[in-house]
Amino acid sequence: LAKTTQPISMDSYEGQEVNITCSHNNIATNDYITWYQQFPSQGPRFIIQGYKTKVTNEVASLFIPADRKSSTLSLPRVSLSDTAVYYCLVGDTGRRALTFGSGTRLQVQP
Amino acid sequence: DAGVIQSPRHEVTEMGQEVTLRCKPISGHNSLFWYRQTMMRGLELLIYFNNNVPIDDSGMPEDRFSAKMPNASFSTLKIQPSEPRDSAVYFCASSWTSGSSYEQYFGPGTRLTVT
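For the protein sequence lines, the chains are L and S, in the order given.
If you read the first sequence in our numbering, its first letter stands for residue 11, the second for the next number, and so on.
If you read the second sequence in our numbering, its first letter stands for residue 382, the second for the next number, and so on.
Be a bit skeptical, because a hint or two may be false.
[Said to hold, decoys possible] Estimated spans, in silico, between C-beta atoms of each pair:
#1 L:N67 <-> S:V393: 34 to 42 Å
#2 L:R115 <-> S:S388: 28 to 36 Å
#3 S:N452 <-> L:Q119: 41 to 49 Å
#4 L:A38 <-> S:R422: 21 to 29 Å
#5 L:T93 <-> S:A453: 18 to 26 Å
#6 L:S84 <-> S:K449: 36 to 44 Å
#7 L:T93 <-> S:R422: 19 to 27 Å
#8 L:R115 <-> S:S468: 19 to 27 Å
#9 S:E484 <-> L:A76: 23 to 31 Å
#10 S:T496 <-> L:G25: 43 to 51 Å
#11 S:V434 <-> L:R55: 21 to 29 Å
[What the hints assert, rightly or not] Counterexamples of contact, computed for chain L against chain S with all Cβ distances above 12 Å:
#12 T15
#13 P17
#14 T63
#15 T66
#16 A76
#17 L99
[As the list claims (entries may be wrong)] Partner residues aside, some chain L positions facing chain S, computed with beta carbon under 7 Å:
#18 P54
#19 F56
#20 Q59
#21 F110
What the hints contain is simulated information worked out from the structure, not anything from laboratory work.
Backbone N, C-alpha and C fix where the C-beta goes; we use that ideal spot for every residue, glycine too.
Could you build the full structure based on these sequences and the hints that come with them?
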């Protein structure tokens, strides 16, 4: 199971773009990269998933370089409500269950 | 859809008592997951069902923990007997497992306190 490494915490201000990078050096060929968001006292919420290059949805963008050993979650123009813990996960296609790491605690200030 | 429903939302019990947590997954989903979250250990998978069949229970701490899914719309996680170290937030999640999607929908969680 590929292990992920991401910063423990990040600070930002409202209106800024935030990029959270995750390392997954041992990612396997069939693995997908998934990001979840968790607010205090709530369950995690799926944000985005990708395999290679770039994926964009209404919430975020996910950038994955060709070697797929890292990925970057990009949150455009964050607001106070984006303050949360963000988890990077690498999905083992043979095992649907997710393995969560420590996540990145993002604090957005006014 | 109401999303994943868990009950109770809070449970306080004494050591040695039996605790049963309940989960109703999103209608149409074919996979169900039980997770546990603590400050020390983070978010851990306990057990995973696919089409009501337990697929992976390697995360179940010990024999005191058991989980069932008698049908597609209901699952239980039971702890008997409970211990203070079982205090945690227990999440249930469901998904439609197909292709390469890892999108899971989490419930609000049950906060368990064992005194």
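To see whether the hints hold, each was checked on the structure:
About 40 Å separates the C-beta atoms of N67 (chain L) and V393 (chain S), a value consistent with the hinted range of 34 to 42 Å. Checked against the given bound of 28 to 36 Å, the beta carbons of R115 (chain L) and S388 (chain S), roughly 29 Å apart, stay inside it. Evaluation of the 41 to 49 Å hint for N452 (chain S) and Q119 (chain L) yields a pass: the beta carbon distance comes to about 47 Å. Between A38 (chain L) and R422 (chain S) the beta carbon distance is about 25 Å. The supplied range of 21 to 29 Å therefore holds.
Hint check: T93 (chain L) to A453 (chain S), Cβ distance near 36 Å, so the stated range 18 to 26 Å is violated. With their beta carbons about 42 Å apart, S84 (chain L) and K449 (chain S) fall inside the hinted range of 36 to 44 Å. Between T93 (chain L) and R422 (chain S) the CB atoms are about 23 Å apart, so this pair conforms to the stated range of 19 to 27 Å. The hint said 19 to 27 Å for the Cβ distance between R115 (chain L) and S468 (chain S), and at roughly 22 Å that hint holds.
A beta carbon spacing of about 25 Å between E484 (chain S) and A76 (chain L) agrees with the range 23 to 31 Å that was offered as a hint. Between T496 (chain S) and G25 (chain L) the CB atoms are about 46 Å apart, so this pair conforms to the stated range of 43 to 51 Å. One distance hint, 21 to 29 Å for the beta-carbon pair V434 (chain S) and R55 (chain L), holds here, with the actual separation near 27 Å. Distance check on T15 (chain L): its Cβ is at least 14 Å (rounded) from any Cβ of chain S, clearing the 12 Å threshold; non-interface status holds.
Every Cβ of chain S is farther than 12 Å from the Cβ of P17 (chain L); the closest lies at roughly 15 Å, confirming the non-interface assignment. With a minimum CB-CB distance of about 15 Å to chain S, T63 (chain L) clears the 12 Å threshold, and the non-interface call stands. Distance check on T66 (chain L): its Cβ is at least 16 Å (rounded) from any Cβ of chain S, clearing the 12 Å threshold; non-interface status holds. Non-interface status of A76 (chain L) relative to chain S is upheld: no Cβ of that chain comes within 12 Å, the nearest being about 19 Å off.
Some Cβ of chain S comes within 12 Å of the Cβ of L99 (chain L); the nearest lies about 7 Å off, and the non-interface call is violated. For the restraint placing P54 (chain L) at the interface with chain S, the shortest Cβ-Cβ distance is roughly 5 Å, inside the 7 Å limit, so the hint holds. The interface hint given for F56 (chain L) is met, as the beta carbon of that residue sits about 4 Å from the closest beta carbon of chain S, less than 7 Å. A cut of 7 Å between beta carbons decides the hint on Q59 (chain L): the least distance to chain S is about 6 Å, and the hint holds.
Annotation: F110 (chain L) was flagged as interfacial toward chain S, and the flag holds, the nearest CB pair being 4 Å apart, inside 7 Å.
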